[in-house]
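> Sequence:
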Amino acid sequence: MAGQASTSLKQRVYDELRARIERGELKEGERVAELAVCDSLGVSRTPVREALIQLEADGYLEGIPRRGFRVRSFDEQSAREVFEMLGPLDGRAALLALPNMNGDDLADMGFLCESMELAIAGGLTARYYDLQHEFHQHYIDRCGNRRLMKALGELMSQLSSRSYQRDDPQALQNMRAANEEHRHILELFEAGDGKALQDYIRDVHWSLDNVEFATW
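Sequential numbering from 1 applies to the sequence shown in the UniProt record's numbering.
Keep in mind the hints are simulated off the structure, nothing from the lab.
One or more of the hints may lead you astray.
To be verified - Calculated lysine-lysine pairs in the DSS-like style (CA-CA distance at most 25 Å, straight line):
| # | residue 1 | residue 2 |
| --- | --- | --- |
| 1 | K195 | K10 |
| 2 | K10 | K27 |
| 3 | K195 | K150 |
To be verified - If you anchor each label on the Cβ, the simulated ranges turn out as follows:
| # | residue 1 | residue 2 | range |
| --- | --- | --- | --- |
| 4 | T46 | R23 | 20 to 30 Å |
| 5 | T215 | Q137 | 16 to 26 Å |
| 6 | R147 | E84 | 17 to 27 Å |
| 7 | D108 | E25 | 30 to 40 Å |
| 8 | G122 | N102 | 25 to 35 Å |
| 9 | E180 | L124 | 29 to 39 Å |
| 10 | L35 | L106 | 45 to 55 Å |
| 11 | R176 | L41 | 30 to 40 Å |
| 12 | D104 | A57 | 13 to 23 Å |
| 13 | D108 | G29 | 35 to 45 Å |
| 14 | N102 | P65 | 47 to 57 Å |
| 15 | D199 | N102 | 17 to 27 Å |
| 16 | A107 | L35 | 44 to 54 Å |
Here a beta-carbon is modelled for each residue, glycine too, at the ideal position from N, C-alpha and C.
Model the full structure from these sequences, guided by the hints.
Okay, structure coming up:
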């Protein structure tokens, strides 16, 4: 029970600090002091330390020797590295999931595409981010490979809704283009074309040409 409590506290600290970074409350280069986090959240040092280490592993923080951690950005090189792994793994998950998908699954994914379109029309960028994550997670959960699911979860956790929160029309245009790709992914699931599905997700949806739009 003690171990479960520690894990729960670590997750609470992780979620809160990640949310603050994504909202821009903790800015690039800002130092995150372990004791200050303990005081603000009323949590002991062990789960705070564990959460900070996990945030560093996930790319949100950068360790500073003998000085703790500071907020880092998700630059183009970081995004490129994630895309280079996400494309092949996400495509493989879709291929493995294909035999396990039924009509209800496809209907749910179609509904998510329509919901994303509404979010784009309303300028609800954070909502769009959540919906597109749910779209991918729908088939990832059905791929039947737990290690692959874990690896994809870790990679996708490094992407952030902050990359969509830009004050320019190009951001909405990028979201519309991405949602057209979601629709094509759905069409390939409906057609049962596993090879085309895997190739499209790997080479088009996670194209390295889109890396710059994932930075934050």
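> Please verify whether K10 and K27 have alpha carbons no more than 25 Å apart.
holds, 22 Å
> Could you see if the CB distance from D108 to G29 stays within 35 to 45 Å?
holds, 41 Å
> Assuming the hint says 44 to 54 Å, is it satisfied by the Cβ distance from A107 to L35 or not?
Given about 51 Å between the Cβ atoms, the range holds.
> Honestly, do R147 and E84 meet the 17 to 27 Å range at C-beta?
holds, 19 Å
> Look at the Cβ atoms of E180 and L124 and judge whether their distance stays inside 29 to 39 Å.
violated, 18 Å
> When you take the CB atoms of L35 and L106, is the distance between them in 45 to 55 Å?
The hint (45 to 55 Å, Cβ to Cβ) holds, given that L35 and L106 are roughly 51 Å apart.
> Determine whether the Cβ-Cβ distance between R176 and L41 falls within the hinted range of 30 to 40 Å.
Once the Cβ atoms are compared, 39 Å apart, the range 30 to 40 Å for L41 and R176 holds.
> Can you let me know if the beta-carbon spacing of D199 and N102 is within 17 to 27 Å?
About 23 Å separates the Cβ atoms of D199 and N102, which means 17 to 27 Å holds.
> Taking the Cβ atom of T46 and the Cβ atom of R23, is their distance within the range 20 to 30 Å?
Distance hint for T46, R23 holds at roughly 26 Å.
> Need the status of pair K195, K150: alpha-carbon distance at most 25 Å?
holds, 23 Å
> Range first: 16 to 26 Å. Now tell me if the beta carbons of T215 and Q137 are that far apart.
holds, 22 Å
> Is the gap between the beta carbons of G122 and N102 within 25 to 35 Å?
Holds, at about 31 Å.
The structure fails to meet hints 1, 9, 12 from the earlier list, while all remaining hints are met.
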